[in-house]
Amino acid sequence: MRAKWVPFAFLAPALLGLFLFRAVPILLALGGGFTGTGLTGETSFQGFDNYTSLASDPEFWNSVRVTLVFNLIINPLQVVLAFLLALLMAKPGRGVGALRTAVLLPITVSIALTSVMWNLLLDPAVGPVNGLLRSFGLAAQPFFHSQGQALPSLIAICTWRGVGYWMFFMLGGLSAIPPEVNEAASIDGAGPWRRLWHITLPLMRRSFGFVLIADTAANFLLFAPVYIITAGGPDGSTSLLMFEAYRAAFTLLDNGRSLAISTVILLIVAAVATLELRFFRADDVA
Amino acid sequence: MQATRRTALAGLGLGLAGLPTRARSTTVLKATWEGWPDSQVKPLFDAFNKAYPDATASYELIPFSDLFQTLEVRLGARTPDPDLYSCDSPLSASYGVRNQAMILDDVLDRAQFSKAAVDAGSFRGKLYSAPFANSSQLLFYNRAFFKQAGLTPPTADVAQRWTWEQVAEVGRKMADPAQNRWGLIIEQAERPYQLLPLGQSLGGVALSADGLKSSGFIDSPAFVEGFTFLQRLYTDWKVSPPGVFDPNVTPDLFGSGRAAMFLGGTFNLGLFSNKYPELDWGVAPHPYFARGKPVTPTGSWHIGVNPRTRNKDAVTEFIRFMTGPELQVEWFKLRPYVPVRRDVWDKLPEVFGTPTWKIIRYEVENTAVARPSTPGWREYEDLLRQTLRDMQTGGDVKAMLTDTAAKIDRQLLKYNKV
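Chains L and A supply the protein sequences, listed in that same order.
For the first sequence, the numbering used here gives the first residue as 6, with consecutive numbering after it.
For the second sequence, the numbering used here gives the first residue as 30, with consecutive numbering after it.
Just so you know, the hints here were simulated from the structure itself, not pulled from any lab data.
The beta carbon of each residue, even a glycine, is placed where N, CA and C say it ideally should be.
Heads up, a few of these hints could be off.
To give a feel for the contact side, a few chain L residues facing chain A, derived at Cβ under 10 Å [claimed, not checked]: (1) Thr-40; (2) Thr-42; (3) Leu-44; (4) Ser-49; (5) Phe-50; (6) Gln-51; (7) Gly-52; (8) Thr-106; (9) Val-131; (10) Ala-145; (11) Glu-185; (12) Asn-187; (13) Ala-189; (14) Pro-207; (15) Arg-210; (16) Arg-211.
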């Protein structure tokens, strides 16, 4: 009898943390999106005012567009790269140790430090990357200072840092594939491509599902590099929704707008994650 | 066992007796301070703590780029912490109307301070922040660049000050972007503080008199012309390095010999002398447009008081001490900001009699134009700053300014009822 509540007791601290630091802020944001804060801090109910104001704001729609484009590129890119790297590193061999270290090292660098470091490395005037390009006779690039290159540069540095982390989960998935299955297929004459297509990929479905959903959630919430490097510019080309939410609260002093944007992000992430989940579940049944 | 417990209790009693009693406890003041080098801050707080043993003032240094956001969070929480904070002078009205700055009319004698400094801390007749430092800008130049190019550097004579056109022309001759050598580096190359004078020199007014409308002001022909000139420094002429905005980096670029000229604050005077002894540099007055008039930036750091502080007496002592004549002289020696007190100019004649400080005094008294007085400075500055950043990579300046003015006005609407 006693054993019944014991697991709950062990779970309680984690659940409490989850409730306090996840559920409560989400509920506050949902409620706060319907309020406005006066100049001296008093809060009042504003109905859908914040949302109607967002709906008619071209800056907000630009931010939604940039966020969707960013995520449509970065999420598949990181998942595919993480999988390819995991394939490369799954088998022991010469140089794999060094390669693993090279891929895993960026995880140990904080996102803030990553941003500062790459901002310097990609500086158009004094950055070493342009120095390298010049030494090969190539033209120097503006990177974060060009409307066309800022978002791709952001995607590149976030992928540099994030892909090693997601690779871990892919490696876990690969190691869970029973070696006998591959061996049996080899004996039956299946080449590496057929084995990859018909054995590895189907058996990695769960890993792909988890990595894609977790990666999507992380990238929709990306903030630090935009704050540190581009401040949403040039000309709104890197204005991700999280940065807009921050800016609304701390620069434009409009908490209601900030919380409404946060709610929009939450809804988008929930919708995308649900779609992804359904996609992988449907595959499961098939 | 008994003996041990008794001994322990006696020990505890003695221990408690050794602690300071409530009557002798000191008031602790917490300050959120601009991230100047600790060596320039600690002596000031030490001096206060020594002079007022009943109070202990402690501080945390926040880097310039994060200070305003940090203060939004701290003051927005509406708690008594921090008691005091470094207040960028044009934000005084913003903190004031949001009840985040205590009115200091009874704390300071305004007559002791320069009018510009008092005005910068005031909004609609009330003083919301205590003047602590003022600022002005100088055109620093590297003699080696001019010598190498066979050119004559600008003069220190305010009557012969260079025009912007001259700076651009000479800068182009000395810039070599491929070698990371530049004609001109602007210290705060994205901040309205430093860049508004470009339009003001051509007769532009940055904001309406009531501080609530920017359309028709910041996108007026004067600012379009001034900021187009700024854009060309980066795009057409390649005189200045695009994307170099961090005021923690720009002085070092000049100090390490990367630029012929540097438009920067007086606070760099000490930096170049101490950190770059090899650098052969001189100073000249701020440039202006040939068909306009000289205008220079001004205003700087004030001290704000959290109205929720529980230590009003100690805070008053702190403000009076920090803005007092002795400490202001010490502060000047630590970091040569333009003095806010009138009497400081008469002290240290060996400093204020030099050509450099003669230029500065002339600028403060004749050409300085304060940033617009508006409760919406935070929003105004951020939106304009983003546009000034974007401008450096190209784009239609007029369209960008018109768009920004509309965005600013939308934000300023909330202050209509103030």
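- Query: In ascending order, which of the hints set out earlier in this document are inconsistent with the structure?
  - Reply: 1, 4, 5, 6, 7, 8, 11, 12, 13, 14, 15 and 16
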